[in-house]
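For this one, chain B is given, so just place chain H on it according to the hints.
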Amino acid sequence: MVFYLLKRLLATIPVMLVVAVFIFLLLRLTPGDPAAMIAGDYASDAQIAEIREKLGLDEPMLVQFGIWLGNIFQGDLGESFFFKKQVSELIVARIEPTLSLSLVTIILTVSIAVPMGVISAYKQGSWLDRLTMGFSVLGFSIPVFVIGFGLIYVFSLKLAWFPVQGYDRISEGLWGWLRHLILPALALSVIFVAFIARMTRTSVLEVLGEDYIRTARAKGQTETKVLVRHALRNAAVPIVTVIGFAFAILIGGVVVTESVFNIPGLGLLTVDAVLNRDFPTIQAVVLLFSLVYVLINLVIDLSYTVLDPRIRY
Amino acid sequence: MKMMLRKSILAAAATFALGATGIGSAALAETVLRVVPHASLKILDPIWTTAYISRNHGYMIYDTLFSLDADGNIQPQMVDTVTRSEDGMTVTLTLRDGLMWHDGAPVTAEDCVASLKRWGGKDAMGQKLMSFVDDLSADGDKNIVFKMNTPTGLIELALSKPSSNVPFMMPARIAATPGSEQISEYIGSGPFKLVTEEWEPGTRVVYAKFDEYVPRSDPTSGFAGAKIAKVDRVEWTPNRDIQQAVNSLNAGEIDIIESLVPDLHPLVHDAGKAYIKDPNPPGLQYTARFNVLHPPFDNPKIRQALLYAFNQEDFLEANIGHAEFYQTCKALFGCGMPFESTAHMDGLLDSNFARAKELLKEGGYDGTPIVLMHSTNVPVLANLAPVAKDLMEAIGMNVDMQSMDWSTLVARRSKQDAPADGGWNMFLTAWTMGDLINPLTMAFLNSGCDKALFGWPCDENIENLRDAFARAGTAEEQKQLIDELQAAWLAYPTHIHLGQWNSPSALANNIDGYLQAGVPVFWNVEKK
Numbered sequence: 011m012v013f014y015l016l017k018r019l020l021a022t023i024p025v026m027l028v029v030a031v032f033i034f035l036l037l038r039l040t041p042g043d044p045a046a047m048i049a050g051d052y053a054s055d056a057q058i059a060e061i062r063e064k065l066g067l068d069e070p071m072l073v074q075f076g077i078w079l080g081n082i083f084q085g086d087l088g089e090s091f092f093f094k095k096q097v098s099e100l101i102v103a104r105i106e107p108t109l110s111l112s113l114v115t116i117i118l119t120v121s122i123a124v125p126m127g128v129i130s131a132y133k134q135g136s137w138l139d140r141l142t143m144g145f146s147v148l149g150f151s152i153p154v155f156v157i158g159f160g161l162i163y164v165f166s167l168k169l170a171w172f173p174v175q176g177y178d179r180i181s182e183g184l185w186g187w188l189r190h191l192i193l194p195a196l197a198l199s200v201i202f203v204a205f206i207a208r209m210t211r212t213s214v215l216e217v218l219g220e221d222y223i224r225t226a227r228a229k230g231q232t233e234t235k236v237l238v239r240h241a242l243r244n245a246a247v248p249i250v251t252v253i254g255f256a257f258a259i260l261i262g263g264v265v266v267t268e269s270v271f272n273i274p275g276l277g278l279l280t281v282d283a284v285l286n287r288d289f290p291t292i293q294a295v296v297l298l299f300s301l302v303y304v305l306i307n308l309v310i311d312l313s314y315t316v317l318d319p320r321i322r323y
Numbered sequence: 049m050k051m052m053l054r055k056s057i058l059a060a061a062a063t064f065a066l067g068a069t070g071i072g073s074a075a076l077a078e079t080v081l082r083v084v085p086h087a088s089l090k091i092l093d094p095i096w097t098t099a100y101i102s103r104n105h106g107y108m109i110y111d112t113l114f115s116l117d118a119d120g121n122i123q124p125q126m127v128d129t130v131t132r133s134e135d136g137m138t139v140t141l142t143l144r145d146g147l148m149w150h151d152g153a154p155v156t157a158e159d160c161v162a163s164l165k166r167w168g169g170k171d172a173m174g175q176k177l178m179s180f181v182d183d184l185s186a187d188g189d190k191n192i193v194f195k196m197n198t199p200t201g202l203i204e205l206a207l208s209k210p211s212s213n214v215p216f217m218m219p220a221r222i223a224a225t226p227g228s229e230q231i232s233e234y235i236g237s238g239p240f241k242l243v244t245e246e247w248e249p250g251t252r253v254v255y256a257k258f259d260e261y262v263p264r265s266d267p268t269s270g271f272a273g274a275k276i277a278k279v280d281r282v283e284w285t286p287n288r289d290i291q292q293a294v295n296s297l298n299a300g301e302i303d304i305i306e307s308l309v310p311d312l313h314p315l316v317h318d319a320g321k322a323y324i325k326d327p328n329p330p331g332l333q334y335t336a337r338f339n340v341l342h343p344p345f346d347n348p349k350i351r352q353a354l355l356y357a358f359n360q361e362d363f364l365e366a367n368i369g370h371a372e373f374y375q376t377c378k379a380l381f382g383c384g385m386p387f388e389s390t391a392h393m394d395g396l397l398d399s400n401f402a403r404a405k406e407l408l409k410e411g412g413y414d415g416t417p418i419v420l421m422h423s424t425n426v427p428v429l430a431n432l433a434p435v436a437k438d439l440m441e442a443i444g445m446n447v448d449m450q451s452m453d454w455s456t457l458v459a460r461r462s463k464q465d466a467p468a469d470g471g472w473n474m475f476l477t478a479w480t481m482g483d484l485i486n487p488l489t490m491a492f493l494n495s496g497c498d499k500a501l502f503g504w505p506c507d508e509n510i511e512n513l514r515d516a517f518a519r520a521g522t523a524e525e526q527k528q529l530i531d532e533l534q535a536a537w538l539a540y541p542t543h544i545h546l547g548q549w550n551s552p553s554a555l556a557n558n559i560d561g562y563l564q565a566g567v568p569v570f571w572n573v574e575k576k
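Same order as they appear, the protein sequences are chains B and H. Residue numbering for the first sequence follows my numbering, starting at 11 and increasing by one per position. Residue numbering for the second sequence follows my numbering, starting at 49 and increasing by one per position.
Read the hints as simulated data drawn from the structure, not as lab findings. Quick reminder that beta carbons are idealized off the backbone N, C-alpha and C, glycines included. Wrong hints could be hidden among the right ones.
Here are a few chain H residues that sit away from chain B, every Cβ distance over 10 Å (derived from the structure) [unchecked claim]:
hint : residue
1    : 122
2    : 136
3    : 280
4    : 375
5    : 499
6    : 576
The list that follows gives simulated cross-link-like pairs (lysine to aspartate or glutamate, EDC-like), each with its CA atoms no further than 16 Å apart [stated by the list, open to error]:
hint : chain 1 : residue 1 : chain 2 : residue 2
7    : B       : 95        : H       : 233
8    : H       : 325       : H       : 560
9    : B       : 95        : H       : 246
10   : H       : 463       : B       : 68
11   : B       : 95        : H       : 245
12   : B       : 64        : H       : 531
13   : H       : 278       : H       : 574
14   : H       : 257       : H       : 151
Where chain B lies over chain H, by a calculated footprint (3+ residues, C-beta under 8 Å) [said to hold, decoys possible]:
hint : segment
15   : 236–250
16   : 297–304
In isolation and in its complexed conformation, chain B is listed as follows:
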């Protein structure tokens, strides 16, 4: 197990290197000049050239890559072209809103989707099952911004229960923090609820026909125990895999929701950085997202050993 863990951790290094090369080249090949954006509309060619030199953008691409990679290995993600701040500082400042939104969304999703999927499987063919599946199709089909605007219209503008937009840090008060997250998390969770409920239903349906379920029932166990202890536990591997991926997608993919609800997280930072060609920030954020993907994959793989004792590494 320890050997497996070490092997997997070491394997992340070449993955991250490939990502680093890819993102570096992609940004350099994209048209656009951060120096011109920084200088502003009124700047002369000389001013732009001066800024380009200052940022090291006049160096050959290979030299720029070498410097960047060297700094990364020393734990230095570089300085944002625009904010004149270390990228690591910017990421630290923006990670709380994104993590909060992702966590609340995933908690909401799991607490709705898993029972929904289990009940749907248990009541296969009933109106409840059809309703759940209908919701799944709907959840997949409606874009998150449409759901977001709908929720804002009803709960913020008409009922005034929640704020239209913004984010309060958790240190400023728990209720303020939660109040700002409820609508965006609800909007985001719809698609994940649809997906995970469907996945749960399929997995549970598969195991409900197994011999050990019949045995459990024959032993006189209650239906709740049969469903939770026997069916759900044995159906958990694919469900946990999907939940893990959902969490990884959430962390890197909350851009639209953060934009609609004006949540100052990593998504908004990425959009700003891309539009302004802030290379160090884009590179660092993409690297971070890749690392999160790799690590979540690892955690999912490790969780299999807990959920299914037959799996060993």
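What follows is chain H alone, placed relative to chain B:
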């Protein structure tokens, strides 16, 4: 252990309850003005960049030696008196009493000299001013002394420049930062101070009232007169989704949206919780820029053809769409501006296709494709290039409109390569009228060849007239030169002005005192 747990639970419950009600928040005692600015503030050095959002930040924390009042007249701001020697070769500006930096140190002439030198090295108008100055020094704590090589009326004109780069005053140690580097300390002497520790780059900027600021005694007017902070804090929180900003305004979460497209005004009117007011009545001007380095626009006749082919109404209607928020204006230096003049403009900008075709023929246009750069992601600019393309094709030009995001356009416009090799022939943009106030601030009129902005026009006549304007001693002389410059521009078009438009602010009903200075400023603003 149980006791501790109970205490913790009680404390958490109390925190939760207080958080829910908002009681206990320190901000409750303060008046906070919550503003959605037109962009997120990334660069805090308004001399290092010409970005408008950095300029607006500059107005929050810095002060200027002179400023323009609501009628466009130059008024002293940090300056008390101006003394000129009889021959006009020595000009002394004496600072008024009570000026203080946000760190508590007094503002000195030495600080202002250092600030002027840094600005004079970066800004085009500053460079022009400095070309008339042999020596700039401090005489004691209060006197700034200009020793001139030529008498000029440019000092007050340049030092009251309202738009980027504005000559903001900074402490000498900060102004000593080379112009090629950003400043890293943000100390001004304006009515608000930056709360550095609360600055969240790109998401929130907080300003606090500077209690020690001593305002002038004259009434507030435009940028001039008394700058009185009437709220304790101003918070800028940008919002990419402007419709959401309107929802927030209607829900009472924010107080001011700096710039609101006319399409969304009905949402404000219908809710009845906010009103519309324009901080910049002259507005902005759409502009088409030529690249004169390459055919066909290296030929003035072909450029003149577009002066006849274009009409302002089409551009304004396609982009703004509400007649009450735009005006056609043939004056090169803008309508409602100090140097408004329509001399030599008869017959232009009326889509006279017959005359335009004649000029194309006279210029020998051979069907060379024109690379027209089309910016797609800035809503107020997005429809300009398609309109230009239609009008150019109507007179038989071959247009290759290339769509791209603004960042790409900004990078590409600085390339002098041939259009077929990644260069360009034309693009369209917008300028705030404050930038177009006279021939020295109008950057697109600069025809200094390599020293000119992208497009690189090169015309000695225009440059001589701009120099003459800088030296002009009287208003009459300046007005005469404006007319001559318009004739010179007609002979050698550097750009085309395509009409003025407005992008007003939306303010909550309890907000009063929002000034119409030309730039959104937040002194004098009250929250009732």
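Cross-check of the supplied hints:
| no. | hint | verdict |
| --- | --- | --- |
| 1 | 122 | holds (21 Å) |
| 2 | 136 | holds (30 Å) |
| 3 | 280 | holds (18 Å) |
| 4 | 375 | holds (22 Å) |
| 5 | 499 | violated (7 Å) |
| 6 | 576 | holds (22 Å) |
| 7 | B/95 x H/233 | holds (13 Å) |
| 8 | H/325 x H/560 | holds (10 Å) |
| 9 | B/95 x H/246 | holds (14 Å) |
| 10 | H/463 x B/68 | holds (15 Å) |
| 11 | B/95 x H/245 | holds (13 Å) |
| 12 | B/64 x H/531 | violated (42 Å) |
| 13 | H/278 x H/574 | holds (5 Å) |
| 14 | H/257 x H/151 | holds (13 Å) |
| 15 | 236–250 | holds (count 3) |
| 16 | 297–304 | holds (count 3) |
The structure fails hints 5 and 12 (numbered hints given earlier, in ascending order).
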